[in-house]
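Trainee: One-letter residues, chain by chain:
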Amino acid sequence: MAEAGLNTRAEVLGTAEGGDVAEYFALMKPRVMFLVVFTALVGLVAAPGHMHPVLAVAALLCIAVGAGAAGALNMWYDADIDARMARTSARPIPRGRITADEARAFGTVLAIGSVICLGLMANWVAACLLALTIAFYVFVYTMWLKRSTPQNIVIGGAAGAVPPMIGWAAATGTVSLESFVLFLIIFMWTPPHFWALALLRVRDYERAGVPMLPVVRGEDETRRQILIYSLILAPLGCVPALLGLGGGLYTIAAGFLGAFFVMFAYAVYTERQGAEAERAAKNLFAYSVLYLFLLFAALLVEQGFGLSHSSIPLLWTS
Amino acid sequence: MTDEEDERQRRQRMRSIAIAWALAALVVLFFVVTIVRLGANVAHPLVK
Chain A
1 MAEAGLNTRA
11 EVLGTAEGGD
21 VAEYFALMKP
31 RVMFLVVFTA
41 LVGLVAAPGH
51 MHPVLAVAAL
61 LCIAVGAGAA
71 GALNMWYDAD
81 IDARMARTSA
91 RPIPRGRITA
101 DEARAFGTVL
111 AIGSVICLGL
121 MANWVAACLL
131 ALTIAFYVFV
141 YTMWLKRSTP
151 QNIVIGGAAG
161 AVPPMIGWAA
171 ATGTVSLESF
181 VLFLIIFMWT
191 PPHFWALALL
201 RVRDYERAGV
211 PMLPVVRGED
221 ETRRQILIYS
231 LILAPLGCVP
241 ALLGLGGGLY
251 TIAAGFLGAF
261 FVMFAYAVYT
271 ERQGAEAERA
281 AKNLFAYSVL
291 YLFLLFAALL
301 VEQGFGLSHS
311 SIPLLWTS
Chain B
1 MTDEEDERQR
11 RQRMRSIAIA
21 WALAALVVLF
31 FVVTIVRLGA
41 NVAHPLVK
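Protein chains in written order, with the numbering used here: chain A, 1 to 318; chain B, 1 to 48.
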């Protein structure tokens, strides 16, 4: 797949310079880490019972480092792909600031350390979930699915969806239906989020040889799949309210946010040519980030301030 | 010593300092977590 003039895996892996601290931090994908910590925090706060604030902060720190470790290991393995894509070519390994071997060692140490620390500071159920998540992201998604199937981010999305369950497990020592629903929301949110991005970067993915859905099945099929997943996601976002996890604020937020999500997805489905199509995909991508943030923020506010029981009267609960 | 070598050594020094801070923070974190967990066990001792 490598074209003339593009960095091959061997060229990328062979460079060596020694990066500075900020570049090692960049290896941990800080923006992804923020989303992971935020959703884990919601799982932790929404869980029944009380967790000492110090232990909660320590658990979140371990989850953040674990997520960062997975990011570093992903950058190690995907260095060749990253070098060929405009969006990722400025990452520390393609730029030759950190060698792939250094990134692998850095990621491995952090992965093992974060799992052990979470086990010691919270409990081993949460630690096992964290270990499974890192392993799934690195071995199943990065090494296998990403380069072999257009369903890569559908199945691989499971790794990014687990953090609320880890947070919940850190607080309670178990997993539950409620935490599984939070997992499902992120799981169903992932495909439309990444496919909106893939529609914008389809040539980039094509050049790098990554079989994203628009590359393999075409843009029209991708738009159809985005709409289908969005139609499932919108009602799924309301399920925490039915389980008693979310109250009035959450119910209203989930309803409106979900409706807007479908609206943006429908725009992607209908606008298929030119600048309008690009704008629709950009809007959906930006809105999807806002959607997940606001949905979980509503849950966090309700649970954090004890508002979850002040629900609006619902017909099916009266 | 060239500018490039100076720069390389500066980055190495910064990395060493960052590792030292991270290790110190880990020690403090372990200490505080131990105290918290110890405190919880003293407040609610296991009945045998």
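Check the hints yourself; a few may be wrong.
Said to hold, decoys possible - Counterexamples of contact, computed for chain B against chain A with all Cβ distances above 10 Å:
(1) Thr2
(2) Asp3
(3) Asp6
(4) Ala24
(5) Val32
(6) Val33
As the list claims (entries may be wrong) - Straight line, CA to CA, 25 Å or less: simulated SDA-like cross-link-like pairs of lysine to any residue:
(7) A:Lys29 - B:Thr2
(8) A:Lys29 - B:Trp21
(9) A:Lys29 - A:Thr174
(10) A:Lys29 - B:Leu29
(11) A:Lys29 - B:Leu23
(12) A:Lys29 - B:Ile35
(13) A:Lys282 - A:Ile112
(14) A:Lys29 - B:Arg13
(15) A:Lys29 - B:Ile19
(16) A:Lys29 - B:Arg11
(17) A:Lys29 - A:Asp220
(18) A:Lys29 - B:Ala25
(19) A:Lys29 - B:Ala22
(20) A:Lys29 - B:Ala40
(21) A:Lys29 - B:Leu38
(22) A:Lys29 - B:Ala43
(23) A:Lys29 - B:Ala18
(24) A:Lys29 - B:Met14
(25) A:Lys146 - A:Trp124
(26) A:Lys29 - B:Val42
(27) A:Lys29 - B:Ala20
(28) A:Lys29 - B:Arg15
(29) A:Lys29 - B:Gly39
I should point out that these hints are in silico values taken from the structure, not numbers from a laboratory.
Just so you know, even glycine gets a beta-carbon here, dropped at the ideal spot from N, CA and C.
Trainee: Regarding the pair lysine 282 of chain A and isoleucine 112 of chain A, is the alpha-carbon distance no greater than 25 Å?
Mentor: Distance of about 37 Å is beyond 25 Å: violated.
Trainee: For lysine 29 of chain A and tryptophan 21 of chain B, compute the direct alpha-carbon distance and say whether it is at most 25 Å.
Mentor: holds, 21 Å
Trainee: Holds or violated: are the alpha carbons of lysine 29 of chain A and alanine 25 of chain B at most 25 Å from each other?
Mentor: holds, 21 Å
Trainee: Has the given pair, lysine 29 of chain A with isoleucine 19 of chain B, been kept, meaning a C-alpha gap of at most 25 Å?
Mentor: Distance ~19 Å between lysine 29 of chain A and isoleucine 19 of chain B Cα, so the pair holds.
Trainee: Need the status of pair lysine 29 of chain A, alanine 43 of chain B: alpha-carbon distance at most 25 Å?
Mentor: The given pair, whose Cα atoms are some 40 Å apart, is violated under the 25 Å limit.
Trainee: Between lysine 29 of chain A and methionine 14 of chain B, does the CA-CA distance stay at or below 25 Å?
Mentor: Status holds; Cα separation ~20 Å.
Trainee: Holds or violated: lysine 29 of chain A with leucine 29 of chain B, Cα cutoff 25 Å?
Mentor: Holds, at roughly 23 Å.
Trainee: For aspartate 3 of chain B, which was marked as not at the interface, is the minimum beta-carbon distance to chain A over 10 Å?
Mentor: Answer for aspartate 3 of chain B: holds, closest chain A Cβ roughly 14 Å.
Trainee: With the threshold set at 25 Å, check whether the alpha-carbon distance from lysine 29 of chain A to glycine 39 of chain B stays at or below it.
Mentor: At roughly 36 Å apart (the allowed maximum being 25 Å), glycine 39 of chain B and lysine 29 of chain A break the hint.
Trainee: Taking only the CA atoms, is the gap from lysine 29 of chain A to alanine 20 of chain B under or equal to 25 Å?
Mentor: Between lysine 29 of chain A and alanine 20 of chain B the Cα gap is close to 22 Å, so the pair holds against 25 Å.
Trainee: Taking C-beta pairs only, is threonine 2 of chain B more than 10 Å away from all of chain A?
Mentor: Non-interface label on threonine 2 of chain B holds, nearest chain A Cβ at 14 Å vs cutoff 10 Å.
Trainee: Would valine 33 of chain B pass as off the interface with chain A, using Cβ distances and a cut of 10 Å?
Mentor: violated, 5 Å
In the structure shown, a violation is registered for the earlier hints numbered 5, 6, 7, 9, 12, 13, 17, 20, 21, 22, 25, 26, 29, in ascending order.
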